[in-house]
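Letter by letter, the chains look like this.
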Amino acid sequence: MKKLVYLDNNATTPCDPRVVEALVPYFYEKFGNAASRNHPAGWVAEEAVDYAREQIADLINVDPKEIIFTSGATESDNLALKGVYEMYKSKGNHIITVKTEHKAVLDTCQKLETQGAEITYLDVDGNGRIDLEKLEAAIKPSTILISVMWANNETGVIQDVKAIGDICAKHGILFMSDATQAVGKIPTFPKEMGIHLMAFTAHKMYGPKGVGALYVCRKNPRVKVTAQMDGGGHERGMRSGTLNVPGIVGFGKAAQLAKAEMATDAERLSKLRDRIESELGQMEEVYFNGYKESRMPHVTNLSFKHVEGEGLMMTFNQDMALSSGSACTSASLEPSYVLVALGLGDELAHSSLRFSLGRFTTDEDIDLAINWVRNGVNHMRNLSPIWEMYKEGIDLNSVQWSPH
Amino acid sequence: MAYSEKVLDHFQNPKNVGTMDKSKPNVGTGLVGAPECGDVMRLQIEVDESTQKIIDAKFKTFGCGSAIASSSLATEWLKGKSIDEALTIDNMDIVEELALPPVKIHCSVLAEDAIKAAIKDYQTKSANK
Numbered sequence: 001m002k003k004l005v006y007l008d009n010n011a012t013t014p015c016d017p018r019v020v021e022a023l024v025p026y027f028y029e030k031f032g033n034a035a036s037r038n039h040p041a042g043w044v045a046e047e048a049v050d051y052a053r054e055q056i057a058d059l060i061n062v063d064p065k066e067i068i069f070t071s072g073a074t075e076s077d078n079l080a081l082k083g084v085y086e087m088y089k090s091k092g093n094h095i096i097t098v099k100t101e102h103k104a105v106l107d108t109c110q111k112l113e114t115q116g117a118e119i120t121y122l123d124v125d126g127n128g129r130i131d132l133e134k135l136e137a138a139i140k141p142s143t144i145l146i147s148v149m150w151a152n153n154e155t156g157v158i159q160d161v162k163a164i165g166d167i168c169a170k171h172g173i174l175f176m177s178d179a180t181q182a183v184g185k186i187p188t189f190p191k192e193m194g195i196h197l198m199a200f201t202a203h204k205m206y207g208p209k210g211v212g213a214l215y216v217c218r219k220n221p222r223v224k225v226t227a228q229m230d231g232g233g234h235e236r237g238m239r240s241g242t243l244n245v246p247g248i249v250g251f252g253k254a255a256q257l258a259k260a261e262m263a264t265d266a267e268r269l270s271k272l273r274d275r276i277e278s279e280l281g282q283m284e285e286v287y288f289n290g291y292k293e294s295r296m297p298h299v300t301n302l303s304f305k306h307v308e309g310e311g312l313m314m315t316f317n318q319d320m321a322l323s324s325g326s327a328c329t330s331a332s333l334e335p336s337y338v339l340v341a342l343g344l345g346d347e348l349a350h351s352s353l354r355f356s357l358g359r360f361t362t363d364e365d366i367d368l369a370i371n372w373v374r375n376g377v378n379h380m381r382n383l384s385p386i387w388e389m390y391k392e393g394i395d396l397n398s399v400q401w402s403p404h
Numbered sequence: 405m406a407y408s409e410k411v412l413d414h415f416q417n418p419k420n421v422g423t424m425d426k427s428k429p430n431v432g433t434g435l436v437g438a439p440e441c442g443d444v445m446r447l448q449i450e451v452d453e454s455t456q457k458i459i460d461a462k463f464k465t466f467g468c469g470s471a472i473a474s475s476s477l478a479t480e481w482l483k484g485k486s487i488d489e490a491l492t493i494d495n496m497d498i499v500e501e502l503a504l505p506p507v508k509i510h511c512s513v514l515a516e517d518a519i520k521a522a523i524k525d526y527q528t529k530s531a532n533k
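In order, the protein sequence lines correspond to chains A and B.
Sequential numbering of the first sequence, starting at 1, is according to our numbering.
Sequential numbering of the second sequence, starting at 405, is according to our numbering.
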């Protein structure tokens, strides 16, 4: 396989070689079960897990006891939402979340609705941010939890989590944040933000797939979640199951590297990201989706009007990986619900590309990407009847379309 | 999901891309789909009025690779066919030829719709002469 220019780091990141080096011994030489208390194989594994837990706690500035290991961010989101609902539903059944959350949150909330929960799904503005006044106005006496992601996976837009945390504190409501895209990329200190539960995962920060974590605040307030996986009582009874020791060791190493390299990575990647925006932005009818004042350093989302995203990707996807807000591959034909929530029309949402850079992205990758995308957009516009109509000055809104 | 060789070939080297003068009496134009659905096809045929044979076909498509391949293939098939023969082209023929997966069947439906719309446009023009 030839080298792929990989600009889809919000989907997953490659493992850092230093992570792989750290975790490999735990498959064979140090294969013990961390719950085996009575022999050295278990002790070695337990020690490795404890060390990784410290590395992860150190990255987000919490007590290691507040880290619950899971299989990934989806499980962490499920555990936080379902676990809080089951634990606190006698106090109230209302949860507030946002329309642009990841499906791991939205689908879990929908499931809770079938079990008696009342969920409010907040809109976002054109920048992808929630209106704090509307958030506060949505709070009821029965509200037990507010769940707002730290940074969005499609646009990189960062919510004002500190202000949301203040609102939660004022009303005595728990605050959960899906920080999958933020942890390891920007400083994420839940205690400073008033976050009580925070979900994140290793494979978005150069660690292995199959391991994630949920931060659960232990003090002021002491938060509890009802376990969704019953068994041996691992992870302080909140998540049973033999720990994925190699995965956890890799997660710890990834956290340590992220802490050390976050600032330099972010500075370098934001420059490369800006170059994509300025060079592709010189083309006609290119639109930026998101909010430049508050966003992740390595992500940009652009719409190339009158070009369909999946077709555009096909012009270069033998050589380069990125994502589109067009969902032509799904049976629904609905484009990205996140971009639609920002107020983009369906056409612009279908025309979008997400570039997510990472630690291993090079200057040369960006040169190639800009060139391929530019050529691809030109190729697709030459094929596009609506581009031709636009160039002829036809008002596309006046055309009688036949939606199917 | 990987694309079939035939889809890739039509996508990379689309046949009969272009625009005909839609005001000409022997040109039929079909415009189907909608930008908000992520697919718009415009298919045009030029008909020899004495023989009722399609002598040329052109397309432009806004859409995914399968939509572009479906319309490119449709123009290839249309050339040389009589109007009656062209009306027998079925979307499943396109699905089969391009090995389209189930999620892309709508692209072939759109191509069949575009063929029928272009023929109808031509026939309406002829009838109104």
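If you are wondering where the hints come from, they were derived from the structure by calculation, not from laboratory data.
It is possible that some hints are incorrect.
So these bits of chain B aren't anywhere near chain A, every CB distance computed over 10 Å [to be verified]: (1) P418; (2) T423; (3) K428; (4) E440; (5) D443; (6) M445; (7) D460; (8) K464; (9) E480; (10) E489; (11) N495; (12) M496; (13) V499; (14) E500; (15) D517; (16) K533.
Here are the in silico distance ranges between beta carbons for each label pair [claimed, not checked]: (17) A/K99 to B/E409: 51 to 57 Å; (18) B/T423 to A/E136: 41 to 47 Å; (19) A/Q282 to B/S427: 31 to 37 Å; (20) B/S530 to A/Y337: 41 to 47 Å; (21) A/Y337 to B/N532: 44 to 50 Å; (22) B/S454 to A/A321: 52 to 58 Å; (23) A/S294 to B/L412: 38 to 44 Å; (24) B/V421 to A/E334: 26 to 32 Å; (25) B/V421 to A/Y287: 38 to 44 Å.
We put the beta carbon where it would ideally sit given N, CA and C, even for glycine.
Against the structure, the hints:
1. P418: 6 Å, violated
2. T423: 7 Å, violated
3. K428: 17 Å, holds
4. E440: 4 Å, violated
5. D443: 7 Å, violated
6. M445: 7 Å, violated
7. D460: 17 Å, holds
8. K464: 4 Å, violated
9. E480: Since the minimum Cβ distance to chain A is about 15 Å, B/E480 lies beyond 10 Å and the statement holds.
10. E489: 24 Å, holds
11. N495: 12 Å, holds
12. M496: At roughly 17 Å from the nearest Cβ of chain A, B/M496 sits farther out than 10 Å, so the non-interface label holds.
13. V499: 15 Å, holds
14. E500: 20 Å, holds
15. D517: At about 8 Å from chain A, B/D517 fails to clear the 10 Å cut-off, so the statement is violated.
16. K533: Consistent with the label, B/K533 stays out of reach of chain A, its closest Cβ about 23 Å off (over 10 Å).
17. A/K99 to B/E409: 51 to 57 Å: 41 Å, violated
18. B/T423 to A/E136: 41 to 47 Å: Violated, since B/T423 and A/E136 (Cβ atoms, about 55 Å apart) do not stay within the stated range.
19. A/Q282 to B/S427: 31 to 37 Å: 36 Å, holds
20. B/S530 to A/Y337: 41 to 47 Å: 46 Å, holds
21. A/Y337 to B/N532: 44 to 50 Å: 45 Å, holds
22. B/S454 to A/A321: 52 to 58 Å: Check passed, 53 Å falls within 52 to 58 Å.
23. A/S294 to B/L412: 38 to 44 Å: 41 Å, holds
24. B/V421 to A/E334: 26 to 32 Å: 28 Å, holds
25. B/V421 to A/Y287: 38 to 44 Å: 26 Å, violated
When each numbered hint is compared with the structure, violations occur for hints 1, 2, 4, 5, 6, 8, 15, 17, 18, 25.
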